[in-house]
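Residue numbers in the sequence shown follow the working numbering, run continuously in steps of one, and reach 365 at the last position.
Hints are computed from structural coordinates only; laboratory data are not their basis.
Be careful, since some hints might not be right.
Straight-line distance between alpha carbons at most 20 angstroms, and here's what the computed DMTMM-like set of lysine to aspartate or glutamate pairs gives [claimed, not checked]:
hint	residue 1	residue 2
1	LYS292	ASP302
2	LYS353	ASP363
3	LYS292	ASP314
Cβ pair distances, simulated, as ranges [unchecked claim]:
hint	residue 1	residue 2	range
4	VAL277	PHE364	57 to 67 angstroms
5	ALA358	ALA285	41 to 51 angstroms
6	VAL276	LEU349	31 to 41 angstroms
Cβ coordinates follow ideal geometry from the N, Cα and C atoms, glycine included.
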Amino acid sequence: MAEVVIWLIAFAAILFLSLKRWPSLSRSLDGMLPQPMKTGGDNSVVWSLALAMLGATALVRPVDVLMTVILLALLALIGVKLGSWAMNKVDFH
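Construct the entire structure; sequences and hints are all you get.
As C-alpha cells, this is what we get:
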C-alpha cells in the first residue's frame with residue numbers, strides 16, 4: 273500500500289511540475305526527439321502524463337525499469353543482427 277501511495281505522490285508532483293514548466297520542457301524534448309515525435313501543437317498533457325508515469329515508476333521501482341530497458345535493448349540488438357544476416361542471404365540479382 274505504501275508503494276502505491278509513494279507512486280501516486282511522485283506521479284502528481286512530476287505531472288504538476290511538467291505542466292507548470294511546459295515551455296522550457298517542450299524545447300528540451302524537441303532537441304532530443306526525431307521530427308515525427310516533435311511536441312508541436314497542444315500535446316502538453318499527453319507528454320506530461322507520459323513523463324510523469326515513467327518518472328514515478330523509475331522512482332518507485334528503478335530495478336524493474338532498468339531490467340526492461342536492458343531486455344528491450346537485447347531484443348533490438350538481436351533483431352538488427354538477424355535482419356542484417358537475412359539481408360546478406362538475399363540475392364538481389
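Each hint tested on the structure:
no.	hint	verdict
1	LYS292 / ASP302	holds (17 angstroms)
2	LYS353 / ASP363	holds (18 angstroms)
3	LYS292 / ASP314	holds (14 angstroms)
4	VAL277 / PHE364: 57 to 67 angstroms	holds (59 angstroms)
5	ALA358 / ALA285: 41 to 51 angstroms	holds (47 angstroms)
6	VAL276 / LEU349: 31 to 41 angstroms	holds (34 angstroms)
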